[in-house]
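Trainee: Sequence:
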Amino acid sequence: MNLQGKKITLHDMTLRDGMHPKRHQISLEQMQSIAQGLDAAGIPLIEVTHGDGLGGSSVNYGFPAHTDEEYLSAVIPLLKKAKVSALLLPGIGTIDHLKMAREIGVNTIRVATHCTEADVSEQHINLARKLEMDTVGFLMMAHMASPEKLVEQAKLMEGYGANCIYVTDSAGHL
Numbered sequence: 001m002n003l004q005g006k007k008i009t010l011h012d013m014t015l016r017d018g019m020h021p022k023r024h025q026i027s028l029e030q031m032q033s034i035a036q037g038l039d040a041a042g043i044p045l046i047e048v049t050h051g052d053g054l055g056g057s058s059v060n061y062g063f064p065a066h067t068d069e070e071y072l073s074a075v076i077p078l079l080k081k082a083k084v085s086a087l088l089l090p091g092i093g094t095i096d097h098l099k100m101a102r103e104i105g106v107n108t109i110r111v112a113t114h115c116t117e118a119d120v121s122e123q124h125i126n127l128a129r130k131l132e133m134d135t136v137g138f139l140m141m142a143h144m145a146s147p148e149k150l151v152e153q154a155k156l157m158e159g160y161g162a163n164c165i166y167v168t169d170s171a172g173h174l
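Start counting the sequence shown at 1; every next residue gets the next number (our numbering).
Rather than coming from a laboratory, the hints here were simulated on the basis of the structure. Positions of the beta carbon are idealized from the N, C-alpha and C atoms, including for glycine. Careful, some of the hints might be misleading.
To be verified - Dumping the calculated BS3-like pairs for lysine-lysine here, alpha-carbon to alpha-carbon at most 25 Å:
(1) K81 with K99
(2) K22 with K83
(3) K7 with K81
(4) K7 with K155
(5) K130 with K155
(6) K6 with K99
(7) K7 with K22
(8) K99 with K130
As the list claims (entries may be wrong) - Between beta-carbon pairs, the in silico distance windows are:
(9) I95 with A40: 18 to 24 Å
(10) E29 with K7: 17 to 23 Å
(11) K80 with H20: 15 to 21 Å
(12) K81 with L28: 38 to 44 Å
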């Protein structure tokens with residue numbers, strides 16, 4: 001593969017996905033230190049939320065040491081170059097969570113659904129685009145659908161306004 005002339009954006013998930021093994025107990029100081037280190041290293045996009053995304057604080061998903069709003073408010077003002085993203089799973093994260101994240105300064109939102117349920121992302125993707133956010137449609141568990149079905153679902157997200165689509169499988173089946 002020749003990447004000459006291609007623009008590649010690194011998107012670091014440490015401060016979101018890393019919340020899981022830490023049982024969502026990362027301190028504000030740890031969050032700030034890691035984010036500043038990533039920023040200094042030149043990482044252009046850093047994801048910051050509960051491990052299960054905006055609104056993930058619950059009995060089912062775990063109670064974090066701080067709210068999403070507190071984490072985002074602690075990190076965003078400290079960054080010199082990097083932008084902050086957030087994950088939102090419709091049904092866990094709400095429209096109000098999305099609005100809060102944008103008001104605090106989140107630049108990119110990744111709206112994630114099961115790979116066969118892109119239709120539940122319409123409201124969130126539409127609003128994110130209206131809020132002028134970099135809007136990513138994120139199809140999870142890709143091993144559970146055919147390539148044709150994945151394309152169909154990705155096109156739905158694109159039609160709702162997503163400017164980028166992630167197709168992922170973290171279950172180890174691909």
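Trainee: All hints are to be evaluated individually against the structure, with a verdict given for each.
Mentor: Evaluation of the provided hints:
1. Note on K81 and K99: the hinted pairing holds, with a Cα-Cα distance of about 23 Å set against a maximum of 25 Å.
2. At roughly 23 Å between alpha-carbon atoms, K22 and K83 fall within 25 Å of each other, so this suggested pair holds.
3. Restraint check for K7 and K81: satisfied, since their Cα atoms lie roughly 17 Å apart, inside the 25 Å limit.
4. Between the alpha carbons of K7 and K155 the distance comes to roughly 22 Å, so the proposed pair stays at or under 25 Å and holds.
5. Between K130 and K155, the direct Cα distance comes to roughly 19 Å. Compliance with the 25 Å bound is thereby established for this hinted pair.
6. Between K6 and K99 the alpha-carbon distance is near 32 Å, which puts this suggested pair outside the 25 Å criterion.
7. With a CA separation close to 33 Å, the supplied pair K7 and K22 exceeds the 25 Å bound.
8. Distance restraint check for K99 and K130: the Cα-Cα separation of roughly 11 Å lies within the 25 Å cut-off, and the hinted pair is therefore satisfied.
9. Restraint check, I95 to A40: a C-beta distance of roughly 34 Å breaks the suggested window 18 to 24 Å.
10. Roughly 34 Å separates the CB atoms of E29 and K7, a value that falls outside the hinted 17 to 23 Å.
11. For K80 paired with H20, a C-beta distance near 28 Å fails the hint of 15 to 21 Å.
12. The supplied range of 38 to 44 Å is broken by K81 and L28, whose beta-carbon atoms lie about 21 Å from each other.
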